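Here the protein sequences line up with chains A and B, keeping their order.
For the first sequence, the positions run 1 to 351 when the numbering used here is used.
For the second sequence, the positions run 352 to 796 when the numbering used here is used.
Please keep in mind that the hints were generated in silico from the structure rather than gathered at the bench.
Here the structure is a predicted model, which means the values were calculated and not measured.
Some hints here could point you the wrong way.
[Claimed, not checked] Reference excerpt, derived from the structure (chain A facing chain B, CB under 10 Å, subset only): (1) MET1; (2) GLU55; (3) PHE69; (4) TYR306; (5) TRP322; (6) PHE333.
[To be verified] Example chain B residues on the side facing chain A (calculated, C-beta under 7 Å, incomplete): (7) VAL415; (8) VAL419; (9) PHE426; (10) SER436; (11) GLY440; (12) GLY444; (13) PHE453; (14) ALA755; (15) MET768; (16) THR770.
Beta carbons: idealized from backbone N, C-alpha and C, even for Gly.
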Amino acid sequence: METLWFMIIAVMIAAYVVLDGFDLGAGVIYLGAARTPEERQKIMRAIGPVWDGNEVWLLAAGGTLYFAFPLLYASSFSGFYLPLMMVLWLLMLRGIGIELRAHMENPVWRGFFDFVFCVSSVLLCIFFGAALGNVVRGVPLAADEYFFEPLWTNFRVNTGDFGTNNGILDWYTVLSGVIALVTLTAHGALYIVVKTEDDLNRRARTVALWAWPLQLLLTVIGLAATVWIRPGVLDNYKHHAIGFVIPLIVFGSLAVLMRGMLTGKEKMAFVASSLYIVGMLVGAAFALYPVVLPASTDPARNLTIYNTAAGHHGLSIGFTWWILGMVLALGYFFFLFRMFKGKVRLEGEGY
Amino acid sequence: MDSALLVHRLHFAFTVTFHYLFPQLTMGLAPLIVVLKTLGLRRNDETYNRAARFWARIFGINFVLGVVTGIPMEFQFGTNWSHFSRFAGGVIGQTLAMEGVFAFFLESAFLGLFLYGEKRLGPRGHWWSAVAVFLGSWLSGFFIIATDAWMQHPVGYAKAADGSMQLASFWDLVLNPWAWWQYAHNMSGAVITGAFVMASVGAFYLLWGEFVDYGRIFVRVGVVAGLIFSVMQLFPTGDGQGRLVAVHQPVTLAAMEALFASQPGAPIVLIGQPNVDEKKIDNPVVVPNALSFLTYRAWRAEVKGLDAFPSDQWPTNIALLYFSYHIMVGLGTLFIAITVVATFLLWRGKLFSSHWMLWILLLALPFPYIANTAGWMTAELGRQPWLVYGLMRTADGYSKTVSAGNGMFTLLGFMGMYTVLGILFLFLVRREIEHGPEGEAGTGH
Chain A
1 METLWFMIIA
11 VMIAAYVVLD
21 GFDLGAGVIY
31 LGAARTPEER
41 QKIMRAIGPV
51 WDGNEVWLLA
61 AGGTLYFAFP
71 LLYASSFSGF
81 YLPLMMVLWL
91 LMLRGIGIEL
101 RAHMENPVWR
111 GFFDFVFCVS
121 SVLLCIFFGA
131 ALGNVVRGVP
141 LAADEYFFEP
151 LWTNFRVNTG
161 DFGTNNGILD
171 WYTVLSGVIA
181 LVTLTAHGAL
191 YIVVKTEDDL
201 NRRARTVALW
211 AWPLQLLLTV
221 IGLAATVWIR
231 PGVLDNYKHH
241 AIGFVIPLIV
251 FGSLAVLMRG
261 MLTGKEKMAF
271 VASSLYIVGM
281 LVGAAFALYP
291 VVLPASTDPA
301 RNLTIYNTAA
311 GHHGLSIGFT
321 WWILGMVLAL
331 GYFFFLFRMF
341 KGKVRLEGEG
351 Y
Chain B
352 MDSALLVHRL
362 HFAFTVTFHY
372 LFPQLTMGLA
382 PLIVVLKTLG
392 LRRNDETYNR
402 AARFWARIFG
412 INFVLGVVTG
422 IPMEFQFGTN
432 WSHFSRFAGG
442 VIGQTLAMEG
452 VFAFFLESAF
462 LGLFLYGEKR
472 LGPRGHWWSA
482 VAVFLGSWLS
492 GFFIIATDAW
502 MQHPVGYAKA
512 ADGSMQLASF
522 WDLVLNPWAW
532 WQYAHNMSGA
542 VITGAFVMAS
552 VGAFYLLWGE
562 FVDYGRIFVR
572 VGVVAGLIFS
582 VMQLFPTGDG
592 QGRLVAVHQP
602 VTLAAMEALF
612 ASQPGAPIVL
622 IGQPNVDEKK
632 IDNPVVVPNA
642 LSFLTYRAWR
652 AEVKGLDAFP
662 SDQWPTNIAL
672 LYFSYHIMVG
682 LGTLFIAITV
692 VATFLLWRGK
702 LFSSHWMLWI
712 LLLALPFPYI
722 ANTAGWMTAE
732 LGRQPWLVYG
742 LMRTADGYSK
752 TVSAGNGMFT
762 LLGFMGMYTV
772 LGILFLFLVR
782 REIEHGPEGE
792 AGTGH
């Protein structure tokens with residue numbers, strides 16, 4: 001039961017990153033790729049009807065995490081207090097940027113809210129990457145299963161006796177943040193390629209082309225750094241060789257992504273990028289399992305799916321309604337994306 | 352009081368009070384928008400459709416603010432109240448996760464369709480999308496109320512070996528009688544806000560002499576809905592909720608009424624300031640025997656006062672609780688009076704020319720917000736000193752690892768952020784209202 005919920009939550013988080021990832025990425029390239037007011041309008045129209053719904057996946061994943069692993073939620077959310085609050089503020093600023101720029105006719109304010117939207121998108125990508133980095137690296141869990149991380153300490157990855165000294169930001173988590181930024185930039189650019197035509201389409205394509213070698217390089221560096229700071233991440237792979245399918249998917253999807261761009265198959269490139277993101281996240285989840293929050297202090301203090309899960313009765317009841325809810329939700333999203341499919345144009349209704 | 356506890360309590364109180372300004376309007380407007388869409392479909396009159404679109408734009412602005420201020424609420428369960436979450440997550444995780452899975456997806460997916468897909472959906476499809484948004488927002492309300500109701504009146508749980516609470520009966524949790532009374536009372540309160548806001552904007556148009564066709568529709572729908580739900584707010588929902596408090600939280604009832612001494616034929620205090628130190632009411636104006644009658648349906652029934660309970664069970668802020676409750680009830684009575692007179696004038700065909708009444712409707716706009724806020728303060732201050740009634744004290748629930756300084760830092764951050772949000776919100780809504788329901792340019796998208 002715990003394993004099942006671990007997988008469900010991993011899938012929901014992956015769904016959130018793939019979905020909100022493209023509108024975050026669209027925000028990153030927004031100022032650079034869209035030069036004229038019409039082009040900016042087009043990006044807004046491409047993400048306008050869906051960004052809010054995409055963000056709901058974060059809430060749903062958070063709610064499900066709370067339900068299935070209450071102790072993990074309690075410990076990690078209070079431990080990551082400061083960065084989480086900043087994520088909240090950035091999400092607000094970004095929402096303000098999107099909504100307000102739509103309501104402002106004055107170019108001065110429009111430009112200002114465009115800027116707010118772009119910068120908050122960039123920072124959110126970095127924060128989310130750094131958050132994943134923190135989970136992989138481990139946090140200074142105390143004996144009572146709680147911790148509190150300052151924003152930064154000495155920027156080193158500390159382990160063992162020094163493990164209590166870790167901060168949110170160190171070289172490893174900053175690297176994770178940069179990987180997330182590059183990945184989501186490419187992801188968002190590919191979405192804009194799918195949704196637009198002409199100059200904007202060409203510029204978004206250029207962004208994705210430039211991001212590709214960087215993405216490949218950072219993937220290799222990221223994997224190497226992870227194995228270096230935490231050799232234990234390979235254990236699950238050693239015991240279950242099936243796990244090596246995941247890196248194959250990661251690099252395979254990068255190859256397909258490039259092929260899709262070179263042959264002009266825009267949708268294929270976007271799907272490959274989604275698959276790449278899913279592969280990276282599933283790879284991390286596979287390496288951690290059954291640990292959900294490693295302790296940088298003492299492995300005996302690791303939070304696992306077993307010591308953080310809710311009661312069995314609640315978990316099995318929850319599975320019934322969760323399946324029902326997800327079938328419904330997938331139905332809505334299928335319908336929503338079908339209604340707004342195709343390239344965006346400026347005439348007609350909408351953002 | 353431990354200062355970290357105070358900071359964490361203020362943190363939640365501030366963010367949730369600000370947050371609830373938005374959902375109460377979206378939940379209240381949603382059924383009224385369905386009414387407008389239905390009238391438009393039935394009478395085949397484009398005016399109603401434009402009216403519905405206008406309110407959908409107001410709804411959309413409120414919805415976005417509700418979402419961005421709602422995410423911090425979910426987060427704070429973990430960030431600021433981690434000991435509570437560890438203790439109660441095994442039970443209330445059910446309702447909170449169900450809100451995400453059932454309500455949010457429904458609401459956000461169909462709101463996108465409702466706002467931007469009218470031409471693609473056609474009139475009937477668009478009506479259905481309005482219904483789906485209504486359902487989603489009301490489902491969301493239910494799951495939150497069910498969560499709060501469990502904290503007020505815990506049911507369906509069992510204590511696990513590690514001391515945490517775990518779900519024992521799913522149906523006990525979602526069929527908690529407290530949840531259903533509180534839900535009815537709360538949703539009725541939300542519709543009052545929706546109805547008064549609609550009537551207020553309508554009155555503004557009529558007094559202004561612009562968009563008068565719409566003004567008449569808004570005033571008519573607002574006043575009639577306002578009357579129905581203002582009455583329901585008193586009876587049966589308020590009465591039912593009050594009697595649950597009397598049975599399950601008698602000490603809360605005593606504090607709400609500032610009844611210091613147990614007595615037969617207990618009075619209701621209409622006006623007066625509770626003097627907790629001297630255990631009396633200053634400058635009281637009372638109705639003798641009324642509290643006994645309302646609680647037990649007998650004029651001379653004995654009602655327990657605060658002296659019947661040990662003082663460590665007393666709500667921690669009796670004066671604020673007393674005033675919250677009295678403001679709520681006082682304003683609720685005022686809403687009935689306003690809507691009765693307005694409905695009478697509407698029936699006599701004089702409402703649209705009665706400028707004095709239109710002015711009252713216009714200026715009444717803030718009061719349902721105050722009443723709803725005061726109602727929630729009554730519920731939550733009344734629950735003190737418990738976080739989960741009888742099971743966990745508030746002082747044991749906050750995040751011990753998050754210092755008062757860090758809590759203060761983010762509280763100030765939220766205060767700054769919400770000041771900006773509040774100003775932008777007022778600016779946007781004012782713009783929509785001045786722009787009026789005709790034409791689509793108001794979206795500017």
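Each hint, compared with the structure:
no., hint, verdict
1, MET1, "13 Å, violated"
2, GLU55, "7 Å, holds"
3, PHE69, "8 Å, holds"
4, TYR306, "12 Å, violated"
5, TRP322, "6 Å, holds"
6, PHE333, "6 Å, holds"
7, VAL415, "6 Å, holds"
8, VAL419, "5 Å, holds"
9, PHE426, "6 Å, holds"
10, SER436, "4 Å, holds"
11, GLY440, "2 Å, holds"
12, GLY444, "3 Å, holds"
13, PHE453, "5 Å, holds"
14, ALA755, "12 Å, violated"
15, MET768, "6 Å, holds"
16, THR770, "12 Å, violated"
In this structure, the hints that do not hold are numbers 1, 4, 14 and 16, in rising order.
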